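Chemist: So you can see what is in the structure, the chains are spelled out below.
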Amino acid sequence: MQQNDNPGRGRILARIQKGLRNPAPKHAPVDKSGAIFAPIVDPLDRFQKECGQNGTECLIVPNAAAVAEAFERLLEPIPPGEIFVQDAPELRPMAALRRNDRSIRWSTEGRPAEQSQATVTLAEALVAQTGSIFVSAACGGRAASVVAPVHILVASIQQLVPDLGAAFERLRERGAVENNSMLCLITGPSRTADIEKIIVMGAHGPRRVVVILSLEPLS
Amino acid sequence: MSTPAKEFLHSAAVKSADLAHRSTIRTGIDHYEAAVMRTGARFLDWEAAREQCRAVKWEAVNHLDKYLLEFESRVQDRGGHVFWAETAADARRYISELAARKDVRTVVKSKSMVSEEIDLRQDLEKQGVKVFETDLGELIVQLRDEPPYHLMTPAMHLTRTEIADLFREKYGGVESNDPQHLVDIARRALRDAFFSAEMGITGANFLVADSGMVALTTNEGNGRLGSSLPRIHVVVTGIEKVIPRMQDLAVLWPTLARSAVGQSIACYNTLIGGPRNAKEADGPEEFHVVLLDNGRSELLADAEQREVLHCIRCGACLNVCPVFRKIGGHSYGTVYGGPIGSVLMPHLGGLNKFQHLSFASSLCGACTEACPVKIDLHHHLLQNRRNAVESAERPFGERLAFKLWRWMMMAPKRFAVLGGAARAGLRAVHALGLEGTRLDPLRPWTKTHAPPAIPAESFRSQWRKIATK
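Protein sequence lines correspond, in order, to chains P and E.
Heads up: the first sequence begins at 0 in numbering that gives the first Met the number 0, then just goes up one per residue.
Heads up: the second sequence begins at 0 in numbering that gives the first Met the number 0, then just goes up one per residue.
To be clear, the hints were calculated from the coordinates, so they are not data collected in a lab.
Take the hints with a grain of salt, since some may be wrong.
Only pairs whose alpha carbons sit at most 25 Å apart, straight line, appear in this in silico DSS-like list of lysine-lysine [claimed, not checked]:
#: 1; chain 1: E; residue 1: Lys412; chain 2: E; residue 2: Lys325
#: 2; chain 1: E; residue 1: Lys373; chain 2: P; residue 2: Lys25
#: 3; chain 1: E; residue 1: Lys352; chain 2: E; residue 2: Lys412
#: 4; chain 1: E; residue 1: Lys125; chain 2: E; residue 2: Lys101
#: 5; chain 1: E; residue 1: Lys14; chain 2: P; residue 2: Lys17
#: 6; chain 1: E; residue 1: Lys325; chain 2: E; residue 2: Lys352
#: 7; chain 1: E; residue 1: Lys65; chain 2: P; residue 2: Lys25
#: 8; chain 1: E; residue 1: Lys325; chain 2: P; residue 2: Lys31
#: 9; chain 1: E; residue 1: Lys5; chain 2: E; residue 2: Lys325
#: 10; chain 1: E; residue 1: Lys14; chain 2: E; residue 2: Lys352
#: 11; chain 1: E; residue 1: Lys412; chain 2: E; residue 2: Lys65
#: 12; chain 1: E; residue 1: Lys325; chain 2: E; residue 2: Lys14
Here are some of the chain P residues that sit facing chain E, going by a computed Cβ distance under 8 Å [said to hold, decoys possible]:
#: 13; residue: Lys17
#: 14; residue: His26
#: 15; residue: Ile194
Since the structure is predicted, the reported quantities are computational estimates derived from the model, not experimental observations.
Every residue gets a Cβ at the ideal spot worked out from N, C-alpha and C, and that includes glycine.
So that you can see chain E by itself, here it is in the shape it has in the complex (with noise of 0.2 Å):
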């Protein structure tokens, strides 16, 4: 039977020698690095900056329930409505009874990882609704069918010629795979989608207690045509994302920014707060914002990783990863790529489940120093390791073996007459020819590593000699 540990470890495997898909990425990541570099200078103390990042958020998940309550009160007298979905069918129910209430046939949708983690685009099509994906990158993947390879860059994995393949078959009036070409045909293509929808939906990167404000951050102006022209506006976000002050975004906007993209700040920064204002010119006159739940208060129990709620999703930690760079977004199955999301969905979507992404890392800690609101993501993935063996989720035959392992490092001898076994074994295995084949049992390693000699004797005998000399 396939499980996802099972199509985890064969991805990784296929996608890790696929040596155009790693230039792919490199392409990408490059780019990024760069950009970071450039704008790493606009911070006179990037340490303080994640420090106040981090204090903001810990405030806010550790008074979630208050500021939460502070948020919904405050968009209420704005006008605004808001749900608490405790699973994602609730938040997906509650959208396709707005949907059909109010007749909307056409749905303008900006990228949203709570939006893929609920699969509401699939919900809303099965009812007959028509949803365009207007962020360029989650427009590639709709058009490819498949699901975004990157929290901040759903189509990393593609290189513009692929993508002006796609256009070409999908749109036609493709010319050249200048990047610039293709955003201009992406743009009219969504045009008349934008100006014809009767319902916008979002997500949200930050909820903003003391003001009722949604705080929605994008480049392309996707999400600012789709919060303005339908005459319906969802957000739909997780609980974690509310923040106490709008004061507290002069250091996150930037913060945000350069993790994601490199960016001194992000070309709009939109707060919206309710639908239009009898005075104003224009603007949806319905706003409904869904406070997604499905595990996160779950996780908030959990006081030594309760601070992974404080992650802002700017991908800083997939793009540092070693491991993400070999496998790819695509092989970990999940919603929630690389060492977030390695961490996160033994939460979301239960240990037994998702436990074996926490043992596919280095530990290397990349991801820790990355993180804008510092969250210690390789010791997440640690405790998750040990959770996993604790609740005897791990096969049984390696829990053998570290009982085995235990016993024989406990005294000097066991590990002397052992380590010798094991030395006799493996010339044997070598003198029957059986180096390399389904018999040899370093074979998992050595399928991809060049083996190391066997040496003749032990490192203990050949330091006793060394010592009496």
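Just chain P, same shape as in the assembly (with noise of 0.2 Å):
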């Protein structure tokens, strides 16, 4: 938008800047030396906990190996049809090795079918402190996430991190914030509580959502 398109932004900077002149009143500064959410002691056992909770299915099996052996098992009951995979080096020789003959629809050829029966992606980090998974547009794209009745997520613990604070820490370290067009924390599957304030799960995202947790770096 050329600025000269849009004389409201001067005006609206001018009116900012002016009543900014007479100052609020300020308060005491913030005591930042206490806690405000309970310490984490042990991530994964409040990661498994939280996501308990919030109704996310957490797998967690030894090794990249096994993590295919859980993707296979997990695949059985879901309906025929075609899922949609992260083109990614770890989720590609799981792929390979399905024993039934579903097709897949790779995030290299664009965004997953409407009737996707499964999302398969990588994550970004692991929150132990609200049992909630970091996702980016490099993980499967935007509605990698959000538009099957099931969402499959690979990770490894050495993704997991105690806290918002320190997730967010992570995705600035590793080029997350500045590289994607999109970041989201997953809590859960869809809900919603506009009936009577009454939490229902599996609204218009997934049913679903399902992490299985390697011990050992997936590659």
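Put the two chains together into one complex, using the hints given.
Modeler: See the structure below:
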């Protein structure tokens, strides 16, 4: 947007600057020495407990080979139809291992089809504090985490951080903030409380969110 | 002539006597309170969380120009567009022209109070664009052709049975009034719209200056779909939503979720910073952020009430408000209801038109106590009252009555004489059988309250007797 197309911009900024000349009452500085949230002693234990409460299914497996096995078992009960998989070196071997002849659409072929039965992606970070998973647009795109009824995430324990603050630091350090047009912290399956403020699981997004968590690095 | 104040009084009287309405609101608020109690334990120190959130918003609002410019330049670096709208009409015009230029026929819209503030949906519909509200609560009130009832829970005033009847009429295929079933029906009804819409419109919970990203919190995933599938994504939001750093969200996100719906954190906390990158699998080709002023910079200039711009629109002050619980969200007749609406509307819509809302409060302070960013709401209601009196917006009769009251209270003799006259007058009204009629000066109070007996003598004379014993 050229600034001369938007004459309101200068006027709004001028009003803000004029308005701020009159200072607002200050408050005592915030004492940041105390903890706002309970400290996280054992991140993995906390992550599992939080997942249990928010509805994320968490499968802990020893290594990458076991990830593929867990993935096979997960796919069995899912109705026939295409699945969408992020095109990543860590996920290629899993897809090759599959015993059924389910067709796969890779993220390099575009966004998931409306009828996708499941989407399979990597994650940027796992957050113990809330049992949440950070994904980015690099994890198969934007729609990959929200279109299908089942979202399967493959992650390793090296991606687990204690809290949200540490998660933001990790994203920033790894360039995920600058290099992605979208980041999303996902906490359980989609839900709504719009009818009588009762929480109902499964709204427009997935009904199941499954994280396969490897205790060894994925590659 | 009907004024907003008269309509408010009428609607408030009708709603507060509607016991079915009260019970629906009670049910919703009971569920909310139970959820807040459950998640409360996640905070070791809730007070510290509130103070930190206030500090973040204070810093942002008191350096608003700096952070908005930082946000703007980073969004532009990411390939997005930023438009500054002085008025609701400016914002509507920008979005309508964009829709026309890009041949947009269908819009999927997420919940956004700013879009309600500027009547965006109605404006787009006028030019023939089909607009789908995709938040379940918003969809329900759109189907009923009603404004949202509550900042956070637009259909709070409806029972599951009423919603089932509505869906039966509009969509068919309703087998029960089970909320899960109703949610499935809404999902199916909107699915095609998500995949065919050319434009997605969302609001914003925060604008993150240090990263040039818009933070959007949703539970349903509708905001995720609307910002992923259509080829254009438009964010419409207020200038006060900017925050300095992404790191600030580490406390803002859990605090918002607790205050809004009693969750430890919402299901989707999304950060969007532009159109898709070349190497990304999907995402919109265009990204626009419309920053709305519409009276906010005037409120900013009022240093005493500037902190009203800290509001994160969680709706907690509505849920705890004894007035909101009785009169309901529609009685206010405003986009923003409840205590925050009563404070805000005189600034956004004019003191003359909306000052009456600040008088409809018991000043109990429950709102101030509930506010996650510690806005001193009930004192701001008092300041609005003072401003209304000072600018002579109150009725002549009331001003005269308070002048007389003040004159009477300034001397014990006057107080004694006029108090005696009032008691005698009331006794005369009762003796003539006029109690409870229009000639009874206490009628506005006694028509809904049992009147106390008129004392035989004044407190002062009773006191004198006891003291001299």
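Chemist: All hints, please: hold or fail.
Modeler: Results of checking the hints against the structure:
As the CA atoms of E:Lys412 and E:Lys325 are separated by approximately 41 Å, the hinted pair breaks the 25 Å bound. Straight-line distance between C-alpha atoms of E:Lys373 and P:Lys25 comes to about 13 Å, which keeps the hinted pair within the 25 Å bound. Straight-line distance between C-alpha atoms of E:Lys352 and E:Lys412 comes to about 40 Å, which puts the hinted pair past the 25 Å bound. For the suggested pair E:Lys125 and E:Lys101, the alpha carbons sit about 17 Å apart, so the restraint of at most 25 Å is met.
Restraint check for E:Lys14 and P:Lys17: the C-alpha separation of about 43 Å exceeds 25 Å, so the hint is violated. For the suggested pair E:Lys325 and E:Lys352, the alpha carbons sit about 22 Å apart, so the restraint of at most 25 Å is met. Between E:Lys65 and P:Lys25 the CA atoms are separated by roughly 19 Å; this keeps the pair inside 25 Å, and the hint holds. Among the hinted pairs, E:Lys325 with P:Lys31 is inconsistent with the structure: their alpha-carbon atoms are about 39 Å apart, more than 25 Å.
Of the supplied pair hints, the one linking E:Lys5 and E:Lys325 holds, its CA atoms being roughly 17 Å apart against a limit of 25 Å. Simply put, E:Lys14 and E:Lys352 have alpha-carbon atoms about 21 Å apart, close enough for the 25 Å limit, and the pair holds. Our distance criterion of 25 Å between C-alpha atoms is broken by E:Lys412 and E:Lys65, whose separation comes to about 60 Å. Taking the CA atoms of E:Lys325 and E:Lys14, the gap is near 7 Å; set against the 25 Å cutoff, the hint holds.
With a least beta-carbon distance of about 7 Å to chain E, the hint placing P:Lys17 at the interface is held under the 8 Å criterion. Against a cut-off of 8 Å between C-beta atoms, the interface hint on P:His26 holds, since the closest Cβ of chain E lies about 7 Å away. Given hint, P:Ile194 at the interface with chain E, holds; its Cβ is 4 Å from that chain's nearest Cβ, closer than 8 Å.
Hint violations for this structure: numbers 1, 3, 5, 8 and 11, all remaining hints satisfied.
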